[in-house]
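Peer 1: Sequence:
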Amino acid sequence: MKKQFLFVGMIILSALFITSCGGAGEVNPNGGNNGGGDNVPATFTKKVVVEKFTGEWCGYCPAAGSFYDDMVAKHGSKFIGVAIHAGSGADRYKDNQACKDMYAFHWRVTNKPGNTRVGFPNVMFDRKKSLTTQTIFNGYGSGAWAGQVDKALAEPAKAGLAISSKVEGTNLVVNVSYHLKEALDGEYAITVLVVENGLDGSKQASAQQPYTQNHVLRGLLTNDNGYLIDATVVGKTESFEANDFDISEFNKDNLEVIAFLHKNGSSFDDNEIVNGQIAHVGKTVDFD
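What the sequence shown shows, in numbering that gives the first Met the number 0, is residues 0 to 287, in sequence order.
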């Protein structure tokens, strides 16, 4: 009974924290409608979530953008890219509150103590250490990055996610379902965010024009730390609703919803993304 009260209290606190975060929507733990998660396969497909720090002022960043496009062409929805615009230079997309929140989060939580800066372009592969260095942040190198993607996709999937979404007026409502194949030790959460493709890249430094900005982070439907789940519940599909996110400033046809399940570690090397899912706004993607 004590454990049950503790878990309920954790969910209540989680919901309060999520709804109070600037730039985030609201999360209703009792509002999920199974999120499209009607069919649970015997095994889930492992997908890799790659978070990139970029900016229009960054002359080396177009190469990283091309890498993203190449990986999507090669791996399809198994490669899930997020572009976080930040840095000190001029950039039309970095003032988005979601980019500010996520950049601050990674600086605070995943940046190795003693580092003086987060480089551009740097990427994280499932928030794990690289193949060749003892850091989560990986400076640009197409060969090493491709190897890191292959390594991540070869890992077994401990959990799966499903997404369904709809637009009510200008409000985006997303249902997320998740299903764990094994219990996970530690604090785990699910982050839900929105990215936009097809944005103008005419001001991108050193880019061969015309250049298009893709995978650009536009909104958080949870907060940057995610929606806390009970990672000890195995073999049962759970769901929740993330809503109250205004998409009127964006091109609905170019928006995608991303959800990923991750560990919230206590230090820079104790974080990981277990698995992710991606779907176009208004579409349903079941467990796969």
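Be a bit skeptical, because a hint or two may be false.
[As the list claims (entries may be wrong)] Here are the computed distance ranges between Cβ atoms for each label pair:
(1) Asp269 <-> Asp149: 33 to 41 Å
(2) Glu181 <-> Asp252: 33 to 41 Å
(3) Ser87 <-> Thr42: 39 to 47 Å
(4) Gly140 <-> Thr44: 20 to 28 Å
(5) Ala153 <-> Asp243: 35 to 43 Å
[Claimed, not checked] Subject to a maximum C-alpha distance of 30 Å in a straight line, what follows is the list of computed DSBU-like cross-link-like pairs (lysine-lysine):
(6) Lys150 <-> Lys262
(7) Lys128 <-> Lys262
(8) Lys165 <-> Lys111
(9) Lys251 <-> Lys128
Simulated from the structure, these hints should not be mistaken for laboratory data.
All residues carry an ideal CB built from backbone N, CA and C; glycine is no exception.
Peer 1: Between the beta carbons of Ala153 and Asp243, is the distance compatible with 35 to 43 Å?
Peer 2: Holds, at about 38 Å.
Peer 1: Taking 30 Å as the top limit, are the C-alpha atoms of Lys150 and Lys262 close enough?
Peer 2: holds, 19 Å
Peer 1: Are the Cα positions of Lys128 and Lys262 separated by 30 Å at most?
Peer 2: holds, 14 Å
Peer 1: Would you check the hint for Lys251 and Lys128, treating anything up to 30 Å between C-alpha atoms as holding?
Peer 2: violated, 35 Å
Peer 1: 33 to 41 Å was suggested as the range; check whether the CB atoms of Glu181 and Asp252 agree with it.
Peer 2: holds, 38 Å
Peer 1: Check the following: the C-beta atoms of Gly140 and Thr44 are separated by a distance inside 20 to 28 Å.
Peer 2: holds, 26 Å
Peer 1: Would the hint linking Lys165 and Lys111 be met if the CA-CA limit is 30 Å?
Peer 2: violated, 39 Å
Peer 1: I want to verify a distance hint. Is the separation of the beta carbons of Ser87 and Thr42 within 39 to 47 Å?
Peer 2: holds, 45 Å
Peer 1: Per the hint of 33 to 41 Å, is the separation of the Cβ atoms of Asp269 and Asp149 within bounds?
Peer 2: violated, 24 Å
Figure legend: structure checked against the earlier numbered hints; hints not met, in rising order: 1, 8, 9.
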